[in-house]
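> Chains as they are written, first to last, in the numbering used here: chain P, 1 to 113; chain H, 114 to 226.
Honestly, the hints are just simulated from the structure, not real lab data.
In this text, a Cβ means the ideal position worked out from N, Cα and C, and glycines have one as well.
There's no promise every hint is true.
If you want the footprint, here are the derived chain P segments under chain H, 3+ residues with CB under 8 Å [to be verified]:
hint : segment
1    : 21-29
2    : 42-53
What follows is a list of derived Cβ distance ranges for each label pair [claimed, not checked]:
hint : chain 1 : residue 1 : chain 2 : residue 2 : range
3    : H       : 127       : P       : 40        : 21 to 31 Å
4    : P       : 61        : H       : 213       : 16 to 26 Å
5    : P       : 54        : H       : 129       : 46 to 56 Å
6    : P       : 56        : H       : 116       : 21 to 31 Å
7    : P       : 5         : H       : 209       : 36 to 46 Å
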Amino acid sequence: SQKIEQNSEALNIQEGKTATLTCNYTNYSPAYLQWYRQDPGRGPVFLLLIRENEKEKRKERLKVTFDTTLKQSLFHITASQPADSATYLCALAGYSSASKIIFGSGTRLSIRP
Amino acid sequence: DAGVIQSPRHEVTEMGQEVTLRCKPISGHDYLFWYRQTMMRGLELLIYFNNNVPIDDSGMPEDRFSAKMPNASFSTLKIQPSEPRDSAVYFCASRRGAQDGYTFGSGTRLTVV
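Pulled out of the complex, with its shape left as it was, chain P reads as follows (with noise of 0.2 Å):
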């Protein structure tokens, strides 16, 4: 069965220091993948979205990778700051479906001072 996984349920970094956050996935054939960003008693906020053939995409602080061969994308905060403190969620689209996308279950992120 189709599986999205995050590599832990909370991560805690130092402020200034890069945050890596892990998203990986079995049995599907992604066409996307989406990050998004939860804050407590909020709805996710869409952050990035990198197609399947693309293996970096960035955005000010942020950085997504995808590699469809370890079937893994990674989602960097390079100079953590304790704003940055959320639920990151990674959503995946399939081809055989790509009108909609499949939430994993988050890594909840807590930086620092």
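Dock chain H against chain P, hints included.
What follows is chain H alone, placed relative to chain P:
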């Protein structure tokens, strides 16, 4: 734009009662999605519409759930009769193109007692 608007923000109801959740998507967005989020199961896709037409309702848990989109600016998710296991946060999201990021509403927190 005010974003995706959901109402009510919170709903507490007794088991067996009918519950109706409402969503106004962003103007010009052709796709509308209903998700449910719980600690145990994460974000689950219930149903999505394209140009007001239901495309995939395979995530709707059972016949007690129904969704409609009578026009491009309004959708409802109805649960009848409601059960305690339906307690969750229900999110509506919309997007313009087939591969665009989703814009989520603030969600409706449903508690069935």
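> For each hint given before, does the structure comply? Return the numbers of the non-compliant ones in rising order.
1 and 7
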